[in-house]
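Asker: Spelled out from the first residue to the last, the chains are:
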Amino acid sequence: MSPARSPIIGLSCASYLGTEPSGIPGGGASNLNLSPPCIQLESIGLSMPYYMIGDDVDNPDRPFVILEDVIGKALARSELDQQEIAKTGLLIGSSSYDLHRSETAYQQQLEAEVESPIAVPFTGHHRLGEWIGERFAISSEAFNISSACTSSANALLLAHNMLSQGRLDHALVVGIELFNETTLCGFAGLQLLASHRIAPFDPARDGVILGESCSAVVLSARNDGHPAPLALLGGSSCADPYSITSANPDGSTIARVLKDAMQETRIEKSAVRAIKAHGTATLMNDTAEARGIAAAFPDAIPPVTAIKPYTGHTLGACGTLELALFGNALTRGFIPHTPNFENADPELDLSPLNNDADADSGIYLLNYFGFGGSNTVVVMEKA
Amino acid sequence: MELNLPIFSCGGYSHQVMTHLPALSDHLRRTPFKPPRRSDRLTQLALLGLGQTRGVTNLPPDTALILASGASNLESTISNCEQIFVDGTTPNPIGFINSVNNSTAYHINQALTIRGLTITVSRDHCSLEAGLQLADSLLQAQHAPILLGTADEVPNDPLLHRRRTGLAADHLLGEGSFWFLCGQDGNEPVARVIYNGSTSETDGIGGLLSDLDVTHYLLTDQASGHIRQEQTWTGTRIECATPGLYPTQNAYYLHRWLETAEKGERLGLINNTFERNRASLTVIDSYGAGRRG
Chain A
175 MSPARSPIIG LSCASYLGTE PSGIPGGGAS NLNLSPPCIQ LESIGLSMPY YMIGDDVDNP
235 DRPFVILEDV IGKALARSEL DQQEIAKTGL LIGSSSYDLH RSETAYQQQL EAEVESPIAV
295 PFTGHHRLGE WIGERFAISS EAFNISSACT SSANALLLAH NMLSQGRLDH ALVVGIELFN
355 ETTLCGFAGL QLLASHRIAP FDPARDGVIL GESCSAVVLS ARNDGHPAPL ALLGGSSCAD
415 PYSITSANPD GSTIARVLKD AMQETRIEKS AVRAIKAHGT ATLMNDTAEA RGIAAAFPDA
475 IPPVTAIKPY TGHTLGACGT LELALFGNAL TRGFIPHTPN FENADPELDL SPLNNDADAD
535 SGIYLLNYFG FGGSNTVVVM EKA
Chain B
25 MELNLPIFSC GGYSHQVMTH LPALSDHLRR TPFKPPRRSD RLTQLALLGL GQTRGVTNLP
85 PDTALILASG ASNLESTISN CEQIFVDGTT PNPIGFINSV NNSTAYHINQ ALTIRGLTIT
145 VSRDHCSLEA GLQLADSLLQ AQHAPILLGT ADEVPNDPLL HRRRTGLAAD HLLGEGSFWF
205 LCGQDGNEPV ARVIYNGSTS ETDGIGGLLS DLDVTHYLLT DQASGHIRQE QTWTGTRIEC
265 ATPGLYPTQN AYYLHRWLET AEKGERLGLI NNTFERNRAS LTVIDSYGAG RRG
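Chain order of the listed sequences is A and B. Take any residue in the first sequence, note its place counting from 1, add 174, and you have its number in this note's numbering. Take any residue in the second sequence, note its place counting from 1, add 24, and you have its number in this note's numbering.
The reader is advised that the hints may include incorrect statements.
Stated by the list, open to error - Covered stretches of chain B (chain A as the covering partner; in silico rule of three or more C-beta atoms under 8 Å from a C-beta of chain A): (1) 40-50; (2) 159-166.
Stated by the list, open to error - Per label pair, the in silico range of CB-to-CB distance: (3) K443/A to T81/B: 49 to 57 Å; (4) E442/A to I218/B: 36 to 44 Å; (5) E285/A to N180/B: 20 to 28 Å; (6) D181/B to G399/A: 51 to 59 Å; (7) N528/A to T81/B: 48 to 56 Å; (8) I218/B to D532/A: 46 to 54 Å; (9) K443/A to V110/B: 47 to 55 Å; (10) F238/A to S234/B: 24 to 32 Å; (11) K261/A to N28/B: 17 to 25 Å; (12) I218/B to H370/A: 52 to 60 Å; (13) Q282/A to Q164/B: 19 to 27 Å; (14) Q214/A to I218/B: 49 to 57 Å; (15) M25/B to N517/A: 35 to 43 Å.
Quick caveat, the hints were computed from the structure, so don't treat them as lab data. All figures in this text were calculated on a predicted structure; none of them were measured in a lab. Where a beta carbon is used, it is the ideal one built from N, C-alpha and C, also for glycine.
Could you build the full structure based on these sequences and the hints that come with them?
Answerer: Here it is as structure tokens:
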């Protein structure tokens, strides 16, 4: 029996690369400036590189402006009518939701010297989902999924389950991670931030740079009609007990989730055309991921690439963002290379693509790993 | 939407919060779970709830974990903001990690040595309902059990938290964690969730209750005023003494009902999200869990 297939009928995203999923240019060397500007955090007196969507971070309506544009485009591309949209399932993946709104309100209280100011005056994670439901007349209630950096990737898998079980005809999966000081300051405190670039799997790596993104993926349960160029086949997710901040560096848990994802979707290793790595360029992630891929593919490792050097690490939103950018590149015929990869790490048996490669029809694996021990692999098919 | 979610055991812990947060350490010492070092209050509440739930200590390793929470690690998030905006420092790394919404789920996995899919789901006061829907879907997709939990905490200080949530200074607050073991474990279920749906037409709730043959119905504290005024519904209305308001309080109500319900009783649990005027109905069949002790 073939695995369930959820055609991707609408894609849209906003990131440092712009407001289209075609943000990664083909042709190998590009004119992209992949060294992000620095953002100054007055609160803690630190400056750090950050991949942003524009620079209007203090506009209180910014999340809604971005969501309106991204979701509007994805739904328009899906060609669903309003009745179908009304019945569409809504799943959102994020690690911070609208936290910046709470931060701003708190700062305003502090500046006004309010007696007993209230930190985090807005609790819960459902406001963006409420807004999306109201704005786009989606009648179902949102599932707001949090599993750190795998949030929107897990939302994709959960949506695929519901579609394949006939619970939904269509699902809108949104990944959103916008500027907030808590996340930036938190990562600065963890000393995981790179100085100016992300260089996954390169021995000259010095960490990760964070980024903003909002992306939307419209999935369908229907395999009739016009064939979609991309489809989800499912995947797998598991918990890694090694550490709350990293996967087991021996690669065993990552190998397991890769194998489980192929088993769940009945994919042979030889059918895998390429792997989009999580590729954060932290030593722990690179080590665990390289060893995990090598263990899951002991005979021949498929081509591997990473998207984060283009966009920064967009945390809970990277599941849908990297699917949108990577998937769009595949439909234009190429697997994008990994910027900033110059030398192979002698400690790792893995070298990502340093030139674009042809993207054949077939199976592509998308790796996502997160704090809290969450490891997820999404299986995507290119027609 | 029709669901078919068997519940094999349930349990939990909650308490009222007045002016000070009750200490948890004595209670924690009586559970089989050792709280991780420097764990936050949400994790400790979750472990206390698990300690009251039968059948969770020998789960298959691939058991999936769904933690439903309205506000997640609120205390840690508040502390991070105070350090950044008042002290002008980066957050304490442990506190920052604790504020990652999945950290409590990570610690539960560690305590139970389970390794399946692990997520936190939130939908304000309907977070339990979101968790039930996901659990039902996951159960169809995998053979392993699903452990569905709820947890919400009151951050310090409780008086300020009442202001944060727009409540009067004397409003009764609560916090707690409840757990529902769902899936096939070879035993008879104690209950089965058979329906969950939401509607903006709150007048339609009465018709749904009748169509679904509920014998009892329960309005949560979050059910809005105009739902509460409805007087013509069929079935017996259940009144539960509240332990105090918190987002996943409806899990407490569900647990209380399951403890005492007779076999054959069918409950309609009526709730609604905080900001949107939509009613949510969850229907559960009891197989007499309370009578079986």
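Asker: Indicate, hint by hint, whether the structure satisfies it.
Answerer: Going down the list of hints, with the structure as the test:
1. 40-50: Violated, because only 0 residues of the region 40-50 of chain B bring their Cβ atoms closer than 8 Å to Cβ atoms of chain A.
2. 159-166: holds (count 4)
3. K443/A to T81/B: 49 to 57 Å: violated, 37 Å
4. E442/A to I218/B: 36 to 44 Å: holds, 40 Å
5. E285/A to N180/B: 20 to 28 Å: The hint (20 to 28 Å, Cβ to Cβ) holds, given that E285/A and N180/B are roughly 23 Å apart.
6. D181/B to G399/A: 51 to 59 Å: holds, 58 Å
7. N528/A to T81/B: 48 to 56 Å: 50 Å Cβ-Cβ, so the 48 to 56 Å window holds.
8. I218/B to D532/A: 46 to 54 Å: Holds: the Cβ-Cβ distance is about 51 Å, inside 46 to 54 Å.
9. K443/A to V110/B: 47 to 55 Å: holds, 53 Å
10. F238/A to S234/B: 24 to 32 Å: Violated: the Cβ-Cβ distance is about 40 Å, outside 24 to 32 Å.
11. K261/A to N28/B: 17 to 25 Å: holds, 21 Å
12. I218/B to H370/A: 52 to 60 Å: For I218/B and H370/A the Cβ distance comes to about 57 Å; the hint holds.
13. Q282/A to Q164/B: 19 to 27 Å: Roughly 47 Å apart at Cβ, these two residues miss the hinted range, so it is violated.
14. Q214/A to I218/B: 49 to 57 Å: Once the Cβ atoms are compared, 55 Å apart, the range 49 to 57 Å for I218/B and Q214/A holds.
15. M25/B to N517/A: 35 to 43 Å: Hint violated: Cβ distance 54 Å, outside 35 to 43 Å.
Hint compliance for this structure: hints 1, 3, 10, 13 and 15 are not met, and every other hint is.
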